[in-house]
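On the provided structure of chain A, position chain B as indicated by the hints.
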Amino acid sequence: MNDSPPGRDFHAEIDDAIDTLFAPHAGAGPEASATPASDKAVSPATVAPPAPEKVAPLPASLLTADGADAFSPFEEALLSLDWEISPDNIETARKALKEIQGNFEVDKAVALTEIFALMDRLLEVMAIAPQNVSTSAPKTLQEGLQTLRAAAGAEDLSLIEQTLVDPTLSELRAAIPNIPKDYSKLVSKPQGVAGTEQKTAAAPPAPAAKAAPAPAQSASMDEDLLPELPAAFGASGGRPSRVLVEAVNAHLVVLGKCIAKRIIPVENLFAKTPGYEKLHAIHTELRERLERQKQNLLKALGDDYQADAVVPAEPAKPAVTATACPWPTVALADVGGRMVAFLPEQIAYEDKPAGKVRKCGSFLPIKNLKRGFFGKIGFVVRGELSFLDEAILKTLTIPVANLSGQEAREPKADSSLLVVFKANSGMAFWLDKPTEQLDTSNDRWEPLTDPGTLVAGTLTVQGNSVPVITMRSV
Amino acid sequence: MALIDLSKKEIHCKIVYYGPGRCGKTTNLLTVHSSMADNARGKMLTIETKGDRTLFFDLLPLNLGKIRGFNIRIQLYTVPGQVMYAATRKLVLKGADGLVFVADPLQVRRERNIESLEDLRTNLLEYGLKLEELPLVIQYNKRDLVGTPIPTLTVEELDADLNSVYKAKTFEASAVTGMGVFETLREISKQTVRYVTNKHLLHETK
Numbered sequence: 001m002n003d004s005p006p007g008r009d010f011h012a013e014i015d016d017a018i019d020t021l022f023a024p025h026a027g028a029g030p031e032a033s034a035t036p037a038s039d040k041a042v043s044p045a046t047v048a049p050p051a052p053e054k055v056a057p058l059p060a061s062l063l064t065a066d067g068a069d070a071f072s073p074f075e076e077a078l079l080s081l082d083w084e085i086s087p088d089n090i091e092t093a094r095k096a097l098k099e100i101q102g103n104f105e106v107d108k109a110v111a112l113t114e115i116f117a118l119m120d121r122l123l124e125v126m127a128i129a130p131q132n133v134s135t136s137a138p139k140t141l142q143e144g145l146q147t148l149r150a151a152a153g154a155e156d157l158s159l160i161e162q163t164l165v166d167p168t169l170s171e172l173r174a175a176i177p178n179i180p181k182d183y184s185k186l187v188s189k190p191q192g193v194a195g196t197e198q199k200t201a202a203a204p205p206a207p208a209a210k211a212a213p214a215p216a217q218s219a220s221m222d223e224d225l226l227p228e229l230p231a232a233f234g235a236s237g238g239r240p241s242r243v244l245v246e247a248v249n250a251h252l253v254v255l256g257k258c259i260a261k262r263i264i265p266v267e268n269l270f271a272k273t274p275g276y277e278k279l280h281a282i283h284t285e286l287r288e289r290l291e292r293q294k295q296n297l298l299k300a301l302g303d304d305y306q307a308d309a310v311v312p313a314e315p316a317k318p319a320v321t322a323t324a325c326p327w328p329t330v331a332l333a334d335v336g337g338r339m340v341a342f343l344p345e346q347i348a349y350e351d352k353p354a355g356k357v358r359k360c361g362s363f364l365p366i367k368n369l370k371r372g373f374f375g376k377i378g379f380v381v382r383g384e385l386s387f388l389d390e391a392i393l394k395t396l397t398i399p400v401a402n403l404s405g406q407e408a409r410e411p412k413a414d415s416s417l418l419v420v421f422k423a424n425s426g427m428a429f430w431l432d433k434p435t436e437q438l439d440t441s442n443d444r445w446e447p448l449t450d451p452g453t454l455v456a457g458t459l460t461v462q463g464n465s466v467p468v469i470t471m472r473s474v
Numbered sequence: 001m002a003l004i005d006l007s008k009k010e011i012h013c014k015i016v017y018y019g020p021g022r023c024g025k026t027t028n029l030l031t032v033h034s035s036m037a038d039n040a041r042g043k044m045l046t047i048e049t050k051g052d053r054t055l056f057f058d059l060l061p062l063n064l065g066k067i068r069g070f071n072i073r074i075q076l077y078t079v080p081g082q083v084m085y086a087a088t089r090k091l092v093l094k095g096a097d098g099l100v101f102v103a104d105p106l107q108v109r110r111e112r113n114i115e116s117l118e119d120l121r122t123n124l125l126e127y128g129l130k131l132e133e134l135p136l137v138i139q140y141n142k143r144d145l146v147g148t149p150i151p152t153l154t155v156e157e158l159d160a161d162l163n164s165v166y167k168a169k170t171f172e173a174s175a176v177t178g179m180g181v182f183e184t185l186r187e188i189s190k191q192t193v194r195y196v197t198n199k200h201l202l203h204e205t206k
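These protein sequences, in sequence, are chains A and B. Sequential numbering of the first sequence, starting at 1, is according to our numbering. Sequential numbering of the second sequence, starting at 1, is according to our numbering.
Chain A extracted, bound-state conformation (with noise of 0.2 Å):
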């Protein structure tokens, strides 16, 4: 009956239900070799484990002595990590990575270096904020371990870079959260310039150019993002390609001069202007990280550097032709009987205004262009000067310009002002007749250079010569 009150039988039912519904996946496959481990029968020979996955053998550098697998400490540290972020554990992943670091061919060890630096600064930022990072962080820094693993017995590294150190590198920069400066101990390592590094560093790889095991590094918060190196090229048995040597000396060539004429121009100006001190305390330490890396650099290099190395010449950039204007459209108008071009973005104001404007003489008092006793004259201006304070500009007072040379008269009643503005200076124009816009791309350019007038050039126009004025140095 099928609605019997259920039993002894009715637990066998369910046993044979339950077997029939799992038995065709219980010990079906060939690794389905499982044996109750106990209860009866604890047989852990029974289980046939599944040989381990092949893998590229290592070089003699990252096996120790007794053959074991330099990988094993960081892996062990990583499954650590793994059930509970603390600082031990971290402080054990970072010590295992960098002793991998250290034993790693130096040519291998230049090229994975943003691989090393970004699993470091993950265990770092794990360190300082790891409510900030991932779950999976553990997991990236496995898949960063097994591309180490790779490399160290690949043969060329460029096979496997597409398939597994772009990838590792994309999950590991992924995986490293935008952690504050606040945090006082935190280094941030800038991926564009990790990036440069590999990319200048990853030269074809040295000939055989084995590297003798260094004494571990213990980690510090404030190391670079090259990494200690073995020891200079030269000194580890074997000779660097001279592609790889001139290569470093000419991005040392260029690192110094980024510093000397970029970054500490950039720093001195944020020393001395107030409300910059943040951005001044990053471009310190990103010049000193980047000075770090110089010395690190040179330490490398030893005897093969050369201070008077070449930079290689950048892809000629397409001339410039010397008759291209430099605004691609300009606005024309005339004024007092001539021709001249404004810069579109720096005219201010353009219009026909009030009988009282029209009287001003020389000198426009800019809150005289507000329309209405309770107009404000932020609405009618446009451009920088819109920006500026409605207090500032009712006391705001400029030139009007007078490009015939004679007395200044009051202009025709159907002429336009237009008003130019910039970086504080402006200039009001009296127009015969509104502006039009100027495609300049075929017109003929000739620049002025001389800084007192306001005239940055002449652009030819259907034969006439027509000066292009601008605020660019009022």
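Watch out, some of these pointers could steer you wrong.
[Said to hold, decoys possible] The list that follows gives simulated cross-link-like pairs (lysine to aspartate or glutamate, EDC-like), each with its CA atoms no further than 20 Å apart: (1) A/Lys352 <-> A/Asp414; (2) B/Lys190 <-> A/Asp16; (3) A/Lys359 <-> A/Asp432; (4) B/Lys190 <-> A/Asp432.
Calculated from the structure, these hints are not laboratory results. Keep in mind the model is a prediction, meaning the values are calculated, not measured.
Positioned in the frame of chain A, the structure of chain B alone reads:
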């Protein structure tokens, strides 16, 4: 607690996979889900973070079919193993009819296994349940690591650590390869359905 609807003749049993973080609980369920026929399993619900950790639980209902007119469904759950999710773990454990404790055999996880089992016992006590009275199967997962350079615990060591008191059935498994996954599930399913029917159905139909 098992849901038993006599009018509809339905029995729902809840089996919870418990264990330390990253021991392979979700992998067990994924293996079951991918191996079972569509008509025997329901949709697997997984709530995850951006990464791969189960932050809440996985629920995989399995249908044993009709037995003497009773529709029997088994719901498999896992809990988040990470220490920080103690509250969620406790919540998912509520109403469990059967338990699979998934142990991690890595030597570095030895203490974690013991702590997790203790955590399980404590959480059950708070629901008025005793671990030794519930259906329990212990799975020694990741046995594929035996023989690799990664130090692992032997079955004897695991038994001594985890099973000296409870004397539960244990299975060696490798959830990633599927080895031992269904053996574990089959055993806990039998124990759990038997437990549920003994505890509820037989009493109520007397």
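- Holds or violated: are the alpha carbons of B/Lys190 and A/Asp432 at most 20 Å from each other? Distance of about 99 Å is beyond 20 Å: violated.
- Query: Does the structure keep A/Lys352 and A/Asp414 at a Cα separation of 20 Å or less?
  - Reply: Holds. A/Lys352 to A/Asp414 sits at ~7 Å (cutoff 20 Å).
- Message: Need the status of pair A/Lys359, A/Asp432: alpha-carbon distance at most 20 Å?
- Response: Given that 20 Å is the threshold and the Cα spacing comes to 16 Å, the pair holds.
- Message: Next pair to validate is B/Lys190 with A/Asp16; report whether the Cα-Cα distance is within 20 Å.
- Response: Measuring from Cα to Cα gives roughly 9 Å; hence the hint holds.
In the structure shown, a violation is registered for the earlier hint numbered 4 alone.
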